[in-house]
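Peer 1: The residues making up each chain are set out below.
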Amino acid sequence: MRETSFNTGKFFALIIVAVLGIFMISPFFDTGSGKKISPRLENLKDRVSLHYGLKNVNDASKNIEECQGDYYTCREGVKCNNVIYKETADAETGPANLVTSIVLDYRAFDTLGEITVLFISILGVALLMTGFPALPVKNESMIQSAGAKFLVPIIMLVGIYIFLHGHLTPGGGFPGGAVIATGFLLMFMTSGDYNFRSRRFKTVETAAGTIIVALAIAGLIFKDSFFANFLPNGRLGDLFSSFLIVIIYSLIGIKVGSELSVGLRNLYTGEKDD
Amino acid sequence: MLLLIMFIFLFILIFLSALFAVLAKDLLFCVISLGVMSLATSIVFFILNAPDVAITEASVGAALTTAIYVFGVRRTEREEK
Amino acid sequence: MILYSFLFALLTALLSLFIRREYNYIRWILYSAVLASLTFLIYTMNGLWGYSESFKLLSVGSVDFSLNFKVTPLSWLFSFFTTGLSLSISLFSIVKNRHEESERSIGFFWLILSVCNIAIFLSADLLTLFIFWEAMTFVSFFVISPGWTKSFKAVNYYFILSILGAFAMLVGIFFLYSKSATFNIESNIAQLFVLYELNSPQAIFITLMFVLGFFTKSALMPFHIWPAEAHSEAPDDFSSYLSGIMIKYGLYGSILFLVPLFVFISKFSQTQPMSNHIPLFSHILAWVGAITSVVATFLAVKSNDMKRLAAWSTVGNIGYAATSIFILSSMGVAGGIFHIINHAIFKTAIFLSLAAVKYRTHEREMHRLGGLAYKMPVTFLTFLLGIIAAAGIPPLNGYASKWMIYQSLLSGRFPFLATMIFLSSTGAFMYLFRALHSVFLGQLPSKFDDVKEVPFLMQIPMYILMLLMVIIGIFPGTVLLPVNSILKSMNMEEIKVTYTTMYSMLSSVDAPIVFLVFAGSFAFAFILYLIGKPRRHVELLDNYTAGQDPKEFGLTREMYHFALKFYEPFEHMFDKYPRTNTKEFYDSFERKINETGSFIKKFYSSSPRSAVYIFTLSIVLIIIYGWLVW
Amino acid sequence: MSYNSAILLIAAPLLMAFLSFILGIFNKRIPAILLVLTLSFNFYFSTYLLTLVSSKGVLVSVISGFEPPFGINLVLTYFSLLLLSLIYLIILSASVVFVSKKTDENTVKVATLLFLFTAAASGLLLTGDIFNMFVFFEIFAVANISLISLKKNKTSLKGSFKYLLLSSIGSAFLLFGIGMIYGTLGTLNIAEIGLRFYELSPLTGAFIFIMFLGAILSETETFPFNFWITDSYKGARNFVNILLGSASSVAALYIFFRLFFTIIGYPINNRYEFLISMDARLIIALISAISVIVSEIGALSSKSVKRILAFSSASQMGMILFAFSISDFNSFSAALTLIFNLSLSKAILFLSSHEIMKGAKEKNIESFTGGLGRNPVFSALFIFGSLSMVGFPLTLGFYGKISLVASAVSASGYFSILVFVILLASAAELFYYFRLMHKLFVSEQNHTEKTKMNWFYAASGSLLLAVMIILALMPKFTERIVSSAAGDMMDKTTYIERVLKAEDLK
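Chains as they are written, first to last, in the numbering used here: chain A, 1 to 274; chain B, 1001 to 1081; chain C, 2001 to 2630; chain D, 3001 to 3506.
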């Protein structure tokens, strides 16, 4: 273990962080009146996420619209759906994976924003790259490069699986794309002369982004709402279900994967985009 | 019980690796300890029944971010002044 | 009508920007025409008291911005005289500015300034007054300093002080507005009077804000330093505008707002402390005026630069007028207003003649000039009449107003004030005749041998001004009768006056007789001069160095000039007294600000790390504050 | 649900951002031209929506077909659409400046950044969901950082790095605040949070308040949080300065308003008083007053024109925050007038000062010497801009400043003292602007050679100036928009009612 340094500046920094930390933790131990953070279930009634889980958001909003009483009583008087795996068909949202249904259906717009955040960050990095000399890995070993050639297809496959199966099992476009990018990372790290044309990747990536926005606008055209699900949802839990979400997740996976790969390439080789 | 012990162990790991990342003079050590922190965090996520977040944290936090930091450190000096 | 004439003038100003430099006299002829028509317009409004115009502007929130103009005797008198004077100045400028470097911007801004000038006097409510007050301040910046490095330093004092004063006035106006919900002047005065009875400290604060606004503009103590800087560095023809017209706004505001308020208080107030039958506040302000006049007189005596000298003289005269106004008697207010008008006329005359001298000689230091009387007789005569009026010597207009001021001070039993005013009036002789002597009399330096009188077009305004001084001197009633109607409109007792005669409690003066006496003695002296021995001209240096070249001793001709260090013995008299230098105080204040500024600047260009430290530290401070409070 | 097409204000620039790379392969000019077209469309569409909103009140546009508070929604209020039109106008003028430049290898990328900037600004102003706002906040911050660092010299990199650090700390704070809200109230919809904020315990409320303060004060250029401004403004390229000084500021002020006045602000049915209580408002007022003073003094002793403008921007923002903190109808009207003045005249100032400095031999403020002879059009623009900035009578700045004083004086005692201090400080602002203007008038022989005029710059500058003059000289029009927007800002109840379709809140 190398030596660590500890001086007064860091001491003050720690005090500042400590005050911030105490302040951030203090609401957890708040004993005053009013609503506090608590995981107890009786609070679940007025949480939005309850309806996400029950897949009855439309019912809930219809209920609020119809009932003329107090807003809270309207919220509480919503009946509960029975959502059954492999039985419920054409639910308001298709994926069996609850997280996916939130990420790509209830809050799909946030996801669009997040891929834009990633896009703009990589763009900013690309703008800053002014062409540094490449720093290849020294002493690459045969075992490493041979092993990598064996491993990379599997990693890619896992990545593709993660985003294609995202509507059923944990995972989705983001992790899938990240896993694909780690495959490219492995290629870069093990074989020193590995490189690719970033323009192709960028074309794929921006095309994927364009298609995502176009699909969202198609929702606006067909169902009068941006990102509305205009393809059939199928039966809950089937492989061929919730088609729009599968398409968008695959596009996101491709987009994120190529994006991160280009970013890694730029950082690793120090080359500009070509 | 086992879960609790594991939790405590992971939290201590997260805390120590974060502290080490702040205090260490060697930037590569900082980066690696941040990677360790991410990995431990992803295990915590997994235990807390959030496999989606766990996968993302593992691939992005532990692999990609660490790699990016390493690339960055490689282009500057390794020792903090 | 008023507003459209303003818009017309502004349009002319805009159009004149496109006149090419070669034809720039056209620009000034245009301005003179516009000003002449404005003067005529205002003249026709005589007697239309109460005529008002209103023009709605934006309303933001609950504040309705609108321009309201109203013709009252007070506003008519001031606007008529000032517009007439600016017309004469613009006539002077036609030739004067032909070869001026930045005449385009000067002309443009000056016409706007003239519009603002009329608008200030005609404005019917406080907000309109403030709007044009601020516009005037901003525009005058460019006229005083049309891109000249030296005048920029000079204008700083003027500008910053005026702006701070204007902002103080703004706060005062809106404090009153939040109480009375109107900008109308009469109701605000009534409101402020009520406030004096209810919540005296707040009322005093509001009054103080107004006083700050007015006194900075009129350069009363402790803001008396700016005229010497700004008037002397401004373009020469504009100096006369600044000194003759613009410095009066503060006094106009005082007459408009403060005097009625104090009269109100002195008549009806139960709670306010009185001193000598007038409110203590007003008495203090009168003292400020008197002290200003004394201080300005001493400073004028010290100055060697002729424009600076005239500027200090202006401050002194403003001091007299302020003193006279704030003693609140009818005679005092009338005398103050009369003196303001007179000062506008004779100070314009003085500055124009100085501008004429500078136009021909390009010199400002008095010890480099001399003996110009024969070369520039009209200029000399204008200056002579101007300083006679300024010193308050009988046949001319300055005498009449100064007489009234003394009368009012004595009959109101203010012996100390009267002494101070008398002291500074005597001091005025010292510096004014020095200026006359060193610029126009004495020896003509040989380099000015081929100096000619200024062109005829530049002489016209001088003739007009001389005529005005004489006429008002003989017939003070021409101004005093309108002043009487002002007093009437302010619900004050009228003074007793006819066209030729002024009456006070103590005595009366028949101006034409005084004029005849003095004109006769003048004629007598002139005849003596004509029949006296013929004089022989000797070179200055022949006198002093017995024909030797002074350069052999490392000396120059100027150092023998009598005007150099003219009052040095007089200054020595005051050497033992400690000196407080107001300008130095302001300068040190500026230095402090600059030091703080560079410290802040350094902070801002510090490293990212410290930025983060300060960021988090401030958040932590807010958190701690939150823990303490919530 | 026909207002759902309001999403196009966000979607169109986003789509173009993705498309521009593909189109840029064929010709580098295409994205730049598309940028101008898209912004014109957005400006037109937002003004169209503005007229709709002014007749129909607050409109709600739903995304993904899920009604609020469950799904994400856009809320079209008069206030947000007004500011959005203003922002589009400014980005339009900045992009005209950008388009007029020669193309290089970065043109496509910068155009993409500008598209994303537009999308992020639209998203920030339109969204009715706080997490969505956070996402756009991130895009917005990264877009700003990338735009600042375009010049790649030392100053710009330092500035953008500072901005990066401060804004990422800020967005972390924002995220903490949002997390706390979601953990307690279980919702992310701004209207529902605003409705139910009173349910929180006071400590949680204070926590959220301080987290939001930390998030937004660095964006609003408030003193202890704004150490990025001088380096960033000084180092950035010309059109980026316009964006940063005008569009970003307006967006930041909007977020400030939403966070503190719709979410935390007024209680409904007087059920809970938190931010409306004097303490919290006083904190904002104090911080903004300190910010005004510090930045005015900093500007006084600065020699670089862009740094002076940066400090002046900070002080103006401080004034607007001060007006917000008074929080009544009058002060909101004053704040709106000041926002209009700030954004339009700051854009003009940055644009023209750059052009004036271009032909000069000297550096810093000396480069303004003789500007009027050298470059009359831009000098005139600069003079008009700075006159409005310092509040020359009958300009927008004048109305704003005066009505700020009026509202502060008629509010309680603290504010009238603070406004007096602010006024004293703004005398300094007059001083340095007049110093710059004075330099323009200097006519010395070696400064009078004329420089070539850039017509694109002149066009975009005079567009902004025209808007400013129209606003200042058309009382009925300006009055209507300002009073409607201020009324909109005051009316939290209608906002919540329209979003949640609840009729019984009043």
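These are calculated hints, taken from the structure and not from any lab test.
Idealized CB from N, CA, C, for every residue including glycine.
Do not rely on the hints blindly, as some may be mistaken.
[Unchecked claim] Cross-link-like lysine to aspartate or glutamate pairs, in silico, DMTMM-like; alpha carbons within 20 angstroms at most:
1. Lys3303(D) x Glu2453(C)
2. Lys2179(C) x Glu3366(D)
3. Lys62(A) x Glu76(A)
4. Lys2153(C) x Glu3366(D)
5. Lys2601(C) x Glu2590(C)
[Claimed, not checked] Which chain B residues face chain A? A few, computed with CB under 8 angstroms, are given here:
6. Phe1011
7. Ile1014
8. Ala1018
9. Ala1067
10. Val1073
[What the hints assert, rightly or not] With beta-carbon atoms standing in for the labels, derived distance ranges:
11. Thr31(A) x Thr3493(D): 30 to 36 angstroms
12. Leu54(A) x Val3036(D): 46 to 52 angstroms
13. Gly21(A) x Ile1047(B): 53 to 59 angstroms
Peer 1: Confirm or reject each hint.
Peer 2: Comparing the hints with the structure gives:
1. Between the alpha carbons of Lys3303(D) and Glu2453(C) the distance comes to roughly 46 angstroms, so the proposed pair goes past 20 angstroms and is violated.
2. Under the criterion of a C-alpha separation no larger than 20 angstroms, the hint pairing Lys2179(C) with Glu3366(D) is inconsistent with the structure, at around 47 angstroms.
3. Between Lys62(A) and Glu76(A), the direct Cα distance comes to roughly 13 angstroms. Compliance with the 20 angstroms bound is thereby established for this hinted pair.
4. Note on Lys2153(C) and Glu3366(D): the hinted pairing holds, with a Cα-Cα distance of about 15 angstroms set against a maximum of 20 angstroms.
5. About 16 angstroms separates the Cα atoms of Lys2601(C) and Glu2590(C), which keeps this hinted pair within 20 angstroms; it holds.
6. Using the Cβ-Cβ criterion of 8 angstroms, the hint placing Phe1011(B) at the interface with chain A is not satisfied: the shortest such distance is roughly 13 angstroms.
7. Taking 8 angstroms as the C-beta cut-off, the interface hint given for Ile1014(B) is violated, the closest approach to chain A being about 14 angstroms.
8. Interface restraint check for Ala1018(B): the shortest CB-CB distance to chain A comes to about 10 angstroms, outside 8 angstroms, so the restraint is violated.
9. The interface hint given for Ala1067(B) is met, as the beta carbon of that residue sits about 5 angstroms from the closest beta carbon of chain A, less than 8 angstroms.
10. Against a cut-off of 8 angstroms between C-beta atoms, the interface hint on Val1073(B) is violated, since the closest Cβ of chain A lies about 11 angstroms away.
11. Checked against the hint of 30 to 36 angstroms, the pair Thr31(A) and Thr3493(D) passes, with Cβ atoms roughly 32 angstroms apart.
12. Restraint check, Leu54(A) to Val3036(D): a C-beta distance of roughly 48 angstroms satisfies the suggested window 46 to 52 angstroms.
13. Separation of Gly21(A) from Ile1047(B) is about 23 angstroms and departs from the stated range, judged on CB atoms against 53 to 59 angstroms.
The structure fails to meet hints 1, 2, 6, 7, 8, 10 and 13 from the earlier list, while all remaining hints are met.
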